[in-house]
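S.K.: Below are the chains, spelled out letter by letter.
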Amino acid sequence: MANIDVVLTEIIRNRLVAATEEMAKTLILTAYNPLLYEVQDFSITIMSAEGDMWAETPGVIVFSQAFPDAVKAGIRRWEGRFEEGDVMIVNDPFETGTHISDTNIYMPAYYDGRLIAFCGIAAHWADIGGKSPGGWCPDTTDMYQEGMCFRHQKIVAAGKKNDALWDFISDNVRVPIIVKGDLEAQIAACRQGVARLQALCGKYGPEVVRSAMDYVIQETDKAMRREVAKLPEGEYAASIRLDSDGVNPDGEFLVCLNVDVQKDRIKFSLNGSSPTAQGPINLPAPCTRGILASSIKGLLMPFDPCNAGHTLCLEFELPPASIINPLRPAPTDSYGYIVECLMELMFRCFANIVPEHCPAGGYQLTGGFITRTQPEFGKPFIMTDPVHGGNGATHDGDGPTNQLIGNGDLPNNPVEVTETRHPVRVDRVEFAPEMGGAGKFNGGKGVRKDYRFLEDGCYSALVIENTVDVTAKGVNGGGNGRSGYFVFNPGTPDEQVYTKRIASIGPFPKGTVFRSTTGGGGGWGSPLERDPQMVLADICNGFTDQATARAVCHVAVVEEKGEWIVDQAQTRKLRAA
Amino acid sequence: MQAKYRVAVDVGGTFMDFVLMDEQTGEIRIEKVASISDQLPSQFMKGLTAFGVGIDAIARIFHGMTVGVNALIQERGAKVGLITTKGFRDVLEMGRGGRKPVYDFVQKGPPPLVERYLRREVTERMSFKGEVLEPIDLNEVDREVDYLLSKGVEALAITFLHAYAHPSHEIAARDRILSRYPLLPVSVSHEIAAEWREYERTSTTVLNAFIQPIVRGYLDKLQQKLTKIGYQQPLAIMQSNGGVADARTAGIKPIRTLMSGPAGGVIGAKFLCSLLGYKNVICTDVGGTSYDVAIIEDGKILERSQTEIARRPVLGSLIDVISIGAGGGSIAWLDHRNGLQVGPQSAGASPGPVCFGRGGTEPTTTDAHLVLGRLDPEYFLGGRMKLDLAGAKKAIEDRIAKPLGISVETAAHGIVAIAETNMANAIRTKTVARGLDPREFVTLAYGGGGGLFACAVADELEVPRVIVPMAPANFSAWGILSSDYVEDEVRTKVLPFDSQHIGETLPILNELSERAVKAVAGYGFAREDIVLLRRLDLRFENQEYTITVDLAPDWQNAEAILAGAREQFVQSHLRLYGHGDPSANLEQVSIRCRAIGRVRAPDIAKISAPVKAAVPKSRLVYFHNAGGALDTRIFERETLAPGQKLLGPAIVDEWTMTTVVPPGWSCRCDDYGNLILEPSGR
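Sequence order for the protein chains is A and B.
With this note's numbering, you'll find the first sequence wraps up at 577, consecutive numbering, no jumps.
With this note's numbering, you'll find the second sequence wraps up at 1259, consecutive numbering, no jumps.
Next comes chain A alone, as it looks inside the complex:
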């Protein structure tokens, strides 16, 4: 590559990243489905004519790493016979890597009649047919129960809408207006990306764009290898057992990760992981590779816009027909649990190797849905309210609270919006400090949120990533975070506590209080090393009390003239013991 213009190369790379950002904005601003505009359960990718990643804007990081696999499958299926103006649709989990609700839309970009690139958007649809509304199926036994499957059909062919397919979608989803609104938003964003690519080729020529991005990928690979080569060579291993696959509560569901760092290469082996589960917790291979690639990229180069160069030094060994490489038509709807487990396993392997980029274990996923489907009680609704817990502590500070761990950018819903939209009142939203692991630096706290049902006929679905092994593991002597749980009518004779996931319970009478308490993060370092001034602040702010501070941190805090102060002498004595 002797003739590379380094300045122009950087300009082209920059323009492509900007194009994906614009596409993301269009999707967010026009989507009809809160999973897209609020939760950002999507990602945007621009790929080469061969399907290699050039640029991305992730909402959820695992999608864009897996997207190239889906496009490559489409190229094989059509043997490259795309036409200008085509828009393709695919959601087969064995090609997209996630679950069937995540529908990938992609569009070939042409310049002067030649295929130059692809623009794609993966997005979680509001409904995909199948047995459960909204596509949340915790107990399926094959993918056919989970919803309609698309495998690279043309939803728009050469610029003309494929009406038969649109009608078919309309007739097979529960909320056709929302699904079609989102599909329009996906297509509008893809078209925008294609227009940007065409403008770029018009200005510099498709060959220049192509060779610039080849160069960027090559240099990114070199940079990634330099980072890998700085790591101490050796093998790092960790494993997590999950409690259930949603169908078979007694089985063993083990995920094993072995990371082998040799010179400038990393090999991930997942040998020893359990065979394909009967229930839907399986994670298809594109996503298994994708989440490991995203994690290592984040640990080594968190702020670099992603491209295919970040993954060239990685190798994967995924035992076939296993829980992390299932075969079609295994069920995959609850794929997210293993995604989070794999990130957690990566953190365990790397916490002491790259502490500046790696936290202790984060809270276990917990989420409560409130729904009403029977119109005789009032207007049906589905309320998804993401409530985060505590993230893991870091080597230099307490873990953040109310921030999604791992896989993406997911803001919560304002109470004022929730109460306006749904027949629900929120009585409180507050920290649950007891959920975080204690440490030199504490794990992030849990969040407690009380919902009061204002009308009859509401049901709940409880999502708890309830593994046998704790995921919110502390590092270097830090305590583990506690797992989230749900309580109905807390503090009354009708109180019911739930610690496991449940597809649907109800109906509840109006006035029922539903309390969700999310888990906390793991601590970093021993609580005996926590700075007494930080313990003092914890007491002033009501995050802990005198007795706990004394018992866990060996810090004595006493009251003097209405102010809390650290009793230095006593603390020294306690800590010396």
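Derived by calculation from the structure, the hints in this document are not laboratory data.
This structure is a prediction, so every number in the text was calculated from the model and none was measured.
Incorrect hints may appear among the rest.
30 Å max Cα-Cα, derived DSS-like pairs, lysine-lysine [unchecked claim]: (1) A:Lys230 to B:Lys677; (2) B:Lys706 to B:Lys963; (3) B:Lys1007 to A:Lys25; (4) A:Lys25 to B:Lys677; (5) B:Lys656 to B:Lys685; (6) B:Lys706 to A:Lys510; (7) A:Lys561 to B:Lys677; (8) A:Lys267 to B:Lys677; (9) B:Lys979 to A:Lys230; (10) B:Lys677 to A:Lys222; (11) A:Lys203 to B:Lys1007; (12) A:Lys561 to B:Lys663; (13) A:Lys561 to A:Lys573; (14) A:Lys263 to B:Lys979; (15) B:Lys1007 to A:Lys180; (16) A:Lys25 to B:Lys856; (17) B:Lys1222 to B:Lys1183; (18) B:Lys1222 to B:Lys856; (19) A:Lys203 to B:Lys979; (20) A:Lys161 to A:Lys180; (21) B:Lys656 to B:Lys856; (22) B:Lys609 to B:Lys1183; (23) B:Lys830 to B:Lys802; (24) A:Lys72 to B:Lys677; (25) A:Lys222 to B:Lys1007; (26) B:Lys685 to A:Lys230; (27) B:Lys663 to A:Lys510; (28) B:Lys856 to A:Lys203; (29) B:Lys1222 to A:Lys25.
Just some of the chain A residues that point at chain B, by a computed CB distance under 8 Å [claimed, not checked]: (30) Phe303; (31) Gln403; (32) Val447.
Glycine is no exception: its CB is placed at the ideal position from the N, C-alpha and C atoms.
Since chain A is already given, all that's left is putting chain B on it; use the hints.
M.R.: The following block gives chain B in isolation, referenced to the frame of chain A:
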């Protein structure tokens, strides 16, 4: 003596800029004094008196200030206590929970400006419809306020859930507190931002309380000094929304003044360009550390209703300014891929670019321009400063050219080109991404570095014309002179936008209009001179994000508003996103009203013959597209006559700015002294 001058004072990071304008002739004079952060009021007076005109001759003073925003960025505000609804004291610290840099697994949000022990809860509850579910317990308010004062709190913020829907509890709490502590600064959320989303509203209210004592103290001191020398005319403070308010209002709601700096230039751009006959303008302000872009579309300044400052959200109407780290001091560096990057880090004013010779070691865009020959090392700031060309060359050579194996000129060109791409991308997000075609716009380039980059960025976007106004480095201050008094009112009221529900919207529209008009009337405007704008935030049912549409003045009844606003909304949606169903259900989210008290627009003076005779000069300037250095004529701006035309390559130098006319471009001096640059042959 007849008061005949209007004065604008704009505070920047390094200088305070003063512009004195003769209201009759439009002639202006400029002063600059150092911006010394702990002596702003006395520096203000120093600059004001330096004009040497009697205080009686000054009819109005307009002031753009940075006291509030600096306090916020440096987190040097008051100790604030928060009173909020029982069950919700942690809202401020929790935030919304997103993680924007998604690959950064150790990302943390900003620490709360109010620690938990200073966030106190009282019994009270409103519904989203504004019904009282639980009355407020004022004894608890007394108890919690006494506790906070015992902890040394200097300012209070009050945010109750759904206070935007009905403010009676916030009003009751505030009145009770003021009856006991009349001098305590109290910020209440429904006055600061009557919009839903409790975190954003709490954040905005707390930020207001955080900077209020400092801003109020500053304004009080300033007014005392002005009164002392006999000034009795209005002191108007620039707000983020592009209008001014009186000093008293600004002291109560300082959060509205945070973006007053960039606002001045945009207001000036609108005024100047409407005079010159341009309706679509890309306003670009190149300073030492940042490049600020704003858009005027069809004569209207593009606004937004929320922004983020120091990682914390702020609600309220403001001019939509996108700011990127690409200015004269922006540092060039190589990333891990050996990719050339520029900014966002900046060498600032100190140590500044390498060529300033103040100890800077990292090459900046200014160093690159110098190496390319676009700046004259002997004539920077009109000869007030000598530049170190050898130092700049060496820094670019060592840090960029050698590692990349390219020539110093290619590296310097690369630095400038990368900065220009970043600038063009910023403009694209506000034009192309919104369905606007930059080819239908003109660029107005101001700020100290505007003229160096303007033509290249225009080339990249195919913008057909660039305008460099007079005194471009002081343009923001000049712009403030053309401000009007503006008051905004907003209320969130989520309703289906149809004939069954419009009856609930109309009274709110009237109430908000009345409040805004009354506030502007309070500044001394006759009601018939006040212009009223009414706006609705609309969306398709099931969508989340809204588009703000203007209601035409003649849409007075329900039918006219329903039909007109729907048509506006659908057209905007089509233009922005390429689709829009004209008959789908719509939903209204927020109602907005703006009252404007028009200040008589200043006249702009035409220039006559040049003040100075031209001395022919030329030097070699590197132009990449021309393949190397070209012999380039250098002009002093003061020597240009109205109507004079130059062909590129050429350079126009003036005290505070250098304008590059690249090969293939021409430059004409218009009757007002503006430089009009266009690709030749048009």
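S.K.: All the hints need checking, so say for each whether the structure fits it.
M.R.: Each hint, compared with the structure:
1. A:Lys230 to B:Lys677: 27 Å, holds
2. B:Lys706 to B:Lys963: Cα-Cα ~66 Å, so violated.
3. B:Lys1007 to A:Lys25: OK: B:Lys1007 and A:Lys25 at ~12 Å, within 30 Å.
4. A:Lys25 to B:Lys677: Status holds; Cα separation ~13 Å.
5. B:Lys656 to B:Lys685: 23 Å, holds
6. B:Lys706 to A:Lys510: 19 Å, holds
7. A:Lys561 to B:Lys677: Judged against 30 Å, a Cα distance of about 44 Å means the pair is violated.
8. A:Lys267 to B:Lys677: 29 Å, holds
9. B:Lys979 to A:Lys230: 25 Å, holds
10. B:Lys677 to A:Lys222: 26 Å, holds
11. A:Lys203 to B:Lys1007: Cα-Cα ~20 Å, so holds.
12. A:Lys561 to B:Lys663: At roughly 28 Å apart (the allowed maximum being 30 Å), B:Lys663 and A:Lys561 satisfy the hint.
13. A:Lys561 to A:Lys573: 24 Å, holds
14. A:Lys263 to B:Lys979: 28 Å, holds
15. B:Lys1007 to A:Lys180: 27 Å, holds
16. A:Lys25 to B:Lys856: 26 Å, holds
17. B:Lys1222 to B:Lys1183: Answer holds: B:Lys1222 to B:Lys1183 is near 17 Å, not above 30 Å.
18. B:Lys1222 to B:Lys856: Status holds; Cα separation ~24 Å.
19. A:Lys203 to B:Lys979: Status holds; Cα separation ~29 Å.
20. A:Lys161 to A:Lys180: Cα-Cα ~12 Å, so holds.
21. B:Lys656 to B:Lys856: 46 Å, violated
22. B:Lys609 to B:Lys1183: 23 Å, holds
23. B:Lys830 to B:Lys802: 22 Å, holds
24. A:Lys72 to B:Lys677: 29 Å, holds
25. A:Lys222 to B:Lys1007: Distance of about 35 Å is beyond 30 Å: violated.
26. B:Lys685 to A:Lys230: Judged against 30 Å, a Cα distance of about 26 Å means the pair holds.
27. B:Lys663 to A:Lys510: 22 Å, holds
28. B:Lys856 to A:Lys203: 28 Å, holds
29. B:Lys1222 to A:Lys25: Roughly 43 Å between the alpha carbons, so the hint for B:Lys1222 and A:Lys25 is violated.
30. Phe303: Check passed: Cβ of A:Phe303 comes within 6 Å of chain B, closer than 8 Å.
31. Gln403: Because about 5 Å separates A:Gln403 from the closest Cβ in chain B, which is inside the 8 Å limit, the hint holds.
32. Val447: 7 Å, holds
Checked against the numbered hints given earlier, the structure breaks hints 2, 7, 21, 25 and 29 and satisfies all the rest.
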